[in-house]
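**Q** Got chain W sorted already, so can you dock chain L onto it with the hints?
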Amino acid sequence: MSTARSAILGRIRASLDAKADDATRLHAAQARITAHSRQLIPNRAQGSANDHVAMLRSFLEGQLATVIKVSEPGAVPASLLAYLKDKGARASVRLGGDPRLAAMPWQDANGLEILQGAGSPDDPSGLSFALCAIAETGTLVIAAGADNPVTLAFLPATHIIIVERASIVGSYEEAIDKVRQAFGASGMPRTLNYISGPSRTADIGGKIVIGAHGPRNLCVMIVG
Amino acid sequence: MEIETPHFKENARAALADEQLQRALAGLPGGLVAQRAAARARLPEFDTLRDIGRDLRNETLELLDTYLEIYEKNATAAGAHVHWAQTAEEARAIIVELCRAEGARLVTKGKSMISEEIGLNDALEEAGMEVVETDLGEYILQIRGETPSHIIAPAIHLTQEQVERDFRRVHRDLPEARNLVEPADLVGEARKVLRQKFLAADVGITGANFLIAETGSSVIVTNEGNGDLTQSLARVHIVITSIDKVLATREDLATILRLLARSATGQECTTYATLSTGPRRPGDVDGPEAYHVVLLDNGRAELLGTKFREVLRCIRCGACMNHCPVYSAVGGHSYGWVYPGPIGSVLTPALIGIEKGASLPNASTFCGRCEAVCPMRIPLPKLMRYWREADFEAGQPPLTQRTALAAWAALAKRPRLYHMMTRFAAAGLGAFGHRRGRFGWLPLTGGWTRHRDLAAPQGRTFQQLWTETQRGVAR
Numbered sequence: 001m002s003t004a005r006s007a008i009l010g011r012i013r014a015s016l017d018a019k020a021d022d023a024t025r026l027h028a029a030q031a032r033i034t035a036h037s038r039q040l041i042p043n044r045a046q047g048s049a050n051d052h053v054a055m056l057r058s059f060l061e062g063q064l065a066t067v068i069k070v071s072e073p074g075a076v077p078a079s080l081l082a083y084l085k086d087k088g089a090r091a092s093v094r095l096g097g098d099p100r101l102a103a104m105p106w107q108d109a110n111g112l113e114i115l116q117g118a119g120s121p122d123d124p125s126g127l128s129f130a131l132c133a134i135a136e137t138g139t140l141v142i143a144a145g146a147d148n149p150v151t152l153a154f155l156p157a158t159h160i161i162i163v164e165r166a167s168i169v170g171s172y173e174e175a176i177d178k179v180r181q182a183f184g185a186s187g188m189p190r191t192l193n194y195i196s197g198p199s200r201t202a203d204i205g206g207k208i209v210i211g212a213h214g215p216r217n218l219c220v221m222i223v224g
Numbered sequence: 001m002e003i004e005t006p007h008f009k010e011n012a013r014a015a016l017a018d019e020q021l022q023r024a025l026a027g028l029p030g031g032l033v034a035q036r037a038a039a040r041a042r043l044p045e046f047d048t049l050r051d052i053g054r055d056l057r058n059e060t061l062e063l064l065d066t067y068l069e070i071y072e073k074n075a076t077a078a079g080a081h082v083h084w085a086q087t088a089e090e091a092r093a094i095i096v097e098l099c100r101a102e103g104a105r106l107v108t109k110g111k112s113m114i115s116e117e118i119g120l121n122d123a124l125e126e127a128g129m130e131v132v133e134t135d136l137g138e139y140i141l142q143i144r145g146e147t148p149s150h151i152i153a154p155a156i157h158l159t160q161e162q163v164e165r166d167f168r169r170v171h172r173d174l175p176e177a178r179n180l181v182e183p184a185d186l187v188g189e190a191r192k193v194l195r196q197k198f199l200a201a202d203v204g205i206t207g208a209n210f211l212i213a214e215t216g217s218s219v220i221v222t223n224e225g226n227g228d229l230t231q232s233l234a235r236v237h238i239v240i241t242s243i244d245k246v247l248a249t250r251e252d253l254a255t256i257l258r259l260l261a262r263s264a265t266g267q268e269c270t271t272y273a274t275l276s277t278g279p280r281r282p283g284d285v286d287g288p289e290a291y292h293v294v295l296l297d298n299g300r301a302e303l304l305g306t307k308f309r310e311v312l313r314c315i316r317c318g319a320c321m322n323h324c325p326v327y328s329a330v331g332g333h334s335y336g337w338v339y340p341g342p343i344g345s346v347l348t349p350a351l352i353g354i355e356k357g358a359s360l361p362n363a364s365t366f367c368g369r370c371e372a373v374c375p376m377r378i379p380l381p382k383l384m385r386y387w388r389e390a391d392f393e394a395g396q397p398p399l400t401q402r403t404a405l406a407a408w409a410a411l412a413k414r415p416r417l418y419h420m421m422t423r424f425a426a427a428g429l430g431a432f433g434h435r436r437g438r439f440g441w442l443p444l445t446g447g448w449t450r451h452r453d454l455a456a457p458q459g460r461t462f463q464q465l466w467t468e469t470q471r472g473v474a475r
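Protein sequence lines correspond, in order, to chains W and L.
The first sequence: position 58 = 58 (the working numbering), numbered continuously.
The second sequence: position 394 = 394 (the working numbering), numbered continuously.
Some hints could be false.
Facing chain W, from chain L, some residues (calculated, C-beta under 10 angstroms) [what the hints assert, rightly or not]: (1) Thr159; (2) Ala190; (3) Ala248; (4) Leu275; (5) Asp286.
Over the 10 angstroms line for every Cβ pair with chain W, so calculated as not near, a few chain L residues [unchecked claim]: (6) His7; (7) Lys9; (8) Asp18; (9) Asp122; (10) His171; (11) Glu355; (12) Thr365; (13) Cys367; (14) Ala406; (15) Ala409; (16) Ala412; (17) Gly440; (18) His451.
With a straight-line cut-off of 20 angstroms between C-alpha atoms, the simulated DMTMM-like cross-links for lysine to aspartate or glutamate are [unchecked claim]: (19) Lys192/L with Glu182/L; (20) Lys207/W with Glu182/L; (21) Lys207/W with Asp185/L.
Worth flagging that the hints you see were computed from the coordinates, not collected in a lab.
As the structure is a computational prediction, the values presented were derived from the model and not from experiment.
In this text, a Cβ means the ideal position worked out from N, Cα and C, and glycines have one as well.
Chain L with its partners taken away, still in its complex shape:
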């Protein structure tokens, strides 16, 4: 997948002016927010489970190498082939080679963000194979030549009318006069088209939400059932996942499953959760003859040793983006790479480099809703702040910005001077803006006042008011 992240500002501006996109964004995230809140209210233990989930993920990451080795040993004993890939390129090469060895012509795919991260579809197509995405949202994106804009609702940026136009454009062998008025009509049509693909596929590729060390299993969590058809009907099942997905036990999975769907869509659980362990066994009448798991690193092992480690707890529920005012305004494509929203703002710079990803951690109001809803309690604003510091230290922001920040830092480090200056500014601006209570324009504030007024200070600083209040309390 091409990295568009350095163009975040331009992309965001275009997204705000895109009426179709704004219509699609308008209703949806609000629904998910309300549904999560309702699910949380139905389960009084929810927030305690978040603490437990955070702790168990921390414990697993602390022994990650050991759990991966145990996972590998148990998976291999069940008949799995486990492959290790340091980079996207290595992962692509392993999967293309496995498909080639199988003489694969048609490859079906369940939804996988890691496959987006490594650009798998292009690699398989270049090798002469037909690749079909089977998650309905991903299928729609594939026929449009687009990438996902949300990690669990990939086509959230599209309206029903757009999908109808695409289906009419692509499914040319179906009668033109057919009825596609209801979402159910469109789903039914995709079901018919994709069933032929499931049945004809040579290789089925899925991601894994989790791996379980105890049993050597991979886990997928879906609502449509496409992942199960993908992995059950092809001769070969390939799982592409990353090294941070390993859990210790099935009990740990139980805790995580209690958090995942509720955080994502507000469901009690997803329609399907499937634990796969090895290939078809003697006597089985279905299931894949071979089962491969590709474990991708792509920078995660190194990330583990940095102050960004906590981001590796992520279970990819999407709650942070559903609750993000920036994501809700500009949509997922503006972020320019695989992972949008607050989690993308922390993960993307780690995976593609801060020099390309700096605009993302800067595109936050630090309102803190992402951290407040994260089931793994990842301190996303704090981690974004770390990236801003790294960005500043790398000398990347423009000279004016760096100078202003340096000047402010110099002032902030001298409390007496700082208080004097702020008292002076608050008093001056307060007196000056007293009549209207706000400013339509001020020097150096164009970025703000171009779109809205700036409230005038009341005349005294916060510290002054604080001191007075404290005295009042004492009295």
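Extracted from the complex, chain W is given alone in its bound form:
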């Protein structure tokens, strides 16, 4: 153990008037973590499933994202191609190894180039499958990793996120429960991304400009 470590912890304990091996303090901290109690969940996050979808859409559109409803997973490739064409973007998309993406009928999207692997700045678009979405702030949750490489969300000019309608929840806390279901009680993906719009900045003269370092366009496809 480094001397800096013990010195810092020692100073904290001196300041708190605490002992190093105080079991009650350790238990108190562990109990808080094990309980991971919810605090106050805003009323706006407690509506119906339809309310959640409408709220998600409204917040995202307020942030200048595009929201498209797609009836079923099989219709995603054609909708995606239509979106890219409509944007005037090259018909090319990069995606990771997510089996839900692999199962989609990409052959239906005639002329759409499908790339795999890490994102590149020349990619017209990157595609991710969201773990879930949070209505209360219009936020998509992506558990990044081999299935959904993190660079796909930041390097391509356009980021497209697919979210199943049934996985749209009201609050942050419900999203955290979904992370627990997928990765274990205190488990996490390497990167958990909360995304609520295209990249933006207000660093020049305080004026908001879309497309700072990350994607210029964010397209959210709600499936189902």
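**A** Chain L alone, transformed into the frame defined by chain W:
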């Protein structure tokens, strides 16, 4: 970063006379104030969430050593390397050594106030590395050789025209006749220049808004996405943060996130919030091969044991400075070190010493807006008052000021004498200033009357009027 804080008065005077700065300051803070108010109005639970946020931060600080140990254990289990640094010097040495071991030539950086606090860029440059700030505001400051003037809007003191001149001066390989009229043109140019840096970087350094003990994660909160590119594209990701940033659970983070962006910019949330846990995993096609976290103390552990403890609840939203009449008039650079505004007026003396930082807690009107908007309900005016007392006890203020304060204290401790003297003064000044209702000059009030008139008392003291009113009510 050099400490300019002892020259606050001179700096503030120069800032008030700086027309360019005053133009930049004029429009901006008002916008942020209105946006915060609108965000608060949209979320009826906002003020209750502030109480909850305050309490959960207090609970975490009360067990800080324990939560840091749990954080370390969980981070290490996920493959992180956790380093501890007592001082700025130790933190610099750890990071320079990590970069050296990696053979780093190019280091990209996300926005980090702690890196400013420890003077990281200079240390890396002295070690022969190229350091590139990637937050747009920080990038602009880097090419100007300046420091941030605001903790979340670092280039708030600059106008668009100044940025255009800097880009033309520095980006020499781009055509001279190019169009840079709109902010979007400037953003686009910076995006192009910085993308090459992201892709070529050996090491990416970010701060952390928070650490989560439950999962061993670090959290960054941004709008631009530069922090994510910084940490995802380099071979090594180094997080530099301080020991007070630890939260217990992801649920605690949810509460804090509901407060942070709304307080800062009035957004419902920032565009990105990213929780990072360890390095790239088997099968991953991107992400850093190594992930280091440097935990800085730099005086915070000791602060925890003082009456200034509450300042450690701060989540760095910047609302206090956006709402501060002093900050809005003199800008962030006048404060002379990393943290400006009311939070700086409390934190800076704690980190650099009251002997160097005394002018900051004294530069307040005590209007109380900072405390009124603080999402963590930090009693900033009270803490500034503590610093004024410490300053007085250390015998620092000039003799005239100390004598005057001592005289006033002696009077204030003798209520009958105090009432008699104030009745006499109020009556005298009231009679004397009766005709004009104000004074253009009075002995010992030059500091006030040089710029404005002093209102004349009405002839009776507050206590006299109070007594009469009470009698009136009784009747």
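**Q** Tell me, which hint numbers fail for this structure?
**A** The structure breaks none of the hints.
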